[in-house]
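Chemist: Sequence:
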Amino acid sequence: MGYEIRTLSVLDDRQKAEIEALEDQIYGEEVLQNRIWLSSELNFDRKLDCFFMGYEDGLLVSFLNLFMPDKREGEVTGFTRTGSRGRGYFTALLDRAGEVLRSAGVPDFLFAVEPASPAGMKYLQGLGTAEHSHTEYTMECGPSYAPLGEGIILKQLSEENTADFMSVAEEEYGSDGGGAAAILASETREGYILYDGSEPAAIFNLEYGENIYLCGVVVKKAMRGLGYGSQAVRAALNMAEEQKKKVVLDVDSKNPPALNLYRKYGFAPVFEVRYFRQRLQRGSEEGRQEC
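My numbering applies: residue 9 is where the sequence shown begins, and numbers increase by one.
Don't take each hint at face value.
What the hints assert, rightly or not - Derived BS3-like pairs: lysine-lysine, alpha-carbon spacing no greater than 27 angstroms straight-line:
(1) 79 / 262
(2) 272 / 254
(3) 272 / 252
(4) 253 / 229
(5) 163 / 253
(6) 79 / 252
(7) 228 / 163
(8) 229 / 163
(9) 55 / 24
(10) 254 / 163
(11) 163 / 272
(12) 229 / 79
(13) 79 / 55
(14) 229 / 272
(15) 24 / 254
(16) 262 / 272
(17) 252 / 163
(18) 79 / 24
(19) 252 / 229
(20) 163 / 130
(21) 272 / 253
(22) 262 / 130
(23) 253 / 24
Treat the hints as calculated values from the structure; they're not laboratory data.
When you get a sec, could you build the whole thing from the sequences and use the hints?
Modeler: Set out below in structure tokens:
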């Protein structure tokens, strides 16, 4: 049968199980932690193929995921089974991913690699043109409770307050990102708005699972530096206390104020992921490394 590539915009339960089984095998061997989120619901266009599955004689051996919350870049995560490396399988998936990004007008790949992954770092070196962009730390904190500040009101995102949510989101992401519709359609993610009186001051999202994942914290530009980001974190920890779960988040190394804020609340780093940016090439070959 040889090597077959399947590209999808949505995964069914069987496909998710295949990917997770391969992920468990590889992550166990290399002691990795940056698990791939197998959903397209936060991509700016959920109809675009973002899952690329490579089969060798009917067995899944390579996988690539594209995360596209907006049109600035396509974030690449993925892996290839140890015994199937060096055959160009992942590069073939990357070529297909490049075709999708070009068709959608997305200019860059953004590779997410744990420094603990020798195979991942070697692959990036083989590309030659991928440059380090930034590092993100995954941090976690146990639940706790304290009241929000005077006059601060927390509301869950709904059809009725979507305009308030998007008025803050679009300042940060433009019209392509931070989509309230995708959050409202999600079975596991909720959006929240912090109001100071009647004025929307900040937004954030919570992904509910084994832990609570905090993301998408945005403070209205005119209200930054006034403690509303801190109130968003406080609100997330309060909800975690209700469920007795940890809060997990990712923070950019280039954002010292956020790092300091999270440390103040007791968040501690668990692992790091390095991001490397590569401009999309015009041809079909995105890189030279055979992997």
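Chemist: Given the hint that residue 254 pairs with residue 163, test it: the Cα-Cα distance must not exceed 27 angstroms.
Modeler: 21 angstroms, holds
Chemist: For residue 229 and residue 163, compute the direct alpha-carbon distance and say whether it is at most 27 angstroms.
Modeler: 20 angstroms, holds
Chemist: Can you confirm whether the C-alpha distance between residue 79 and residue 252 stays at or below 27 angstroms?
Modeler: It is violated: about 37 angstroms lies between the C-alpha atoms, which goes past 27 angstroms.
Chemist: For the pair we were handed, residue 272 and residue 254, check the Cα-Cα distance against 27 angstroms.
Modeler: 16 angstroms, holds
Chemist: Going straight from one Cα to the other, do residue 252 and residue 163 come out at no more than 27 angstroms?
Modeler: Status holds; Cα separation ~21 angstroms.
Chemist: For residue 163 and residue 253, compute the direct alpha-carbon distance and say whether it is at most 27 angstroms.
Modeler: Within the cut-off at roughly 21 angstroms; holds.
Chemist: For a C-alpha distance cap of 27 angstroms, please report whether residue 55 and residue 24 respect it.
Modeler: 18 angstroms, holds
Chemist: Does the alpha-carbon distance linking residue 24 and residue 254 stay inside the 27 angstroms limit?
Modeler: Holds - the C-alpha atoms of residue 254 and residue 24 are around 25 angstroms apart, at most 27 angstroms.
Chemist: Would you mind confirming whether the straight-line C-alpha gap from residue 253 to residue 229 stays at or under 27 angstroms?
Modeler: 31 angstroms, violated
Chemist: Checking one constraint from the list: CA of residue 253 to CA of residue 24, max 27 angstroms. Satisfied?
Modeler: 25 angstroms, holds
Chemist: Residue 79 and residue 24: Cα distance at most 27 angstroms?
Modeler: 26 angstroms, holds
Chemist: Given the hinted pair residue 229 and residue 272, is their Cα-Cα distance within 27 angstroms?
Modeler: Given pair residue 229, residue 272 holds - Cα atoms ~23 angstroms apart, limit 27 angstroms.
Checked against the numbered hints given earlier, the structure breaks hints 4, 6, 19, 20 and satisfies all the rest.
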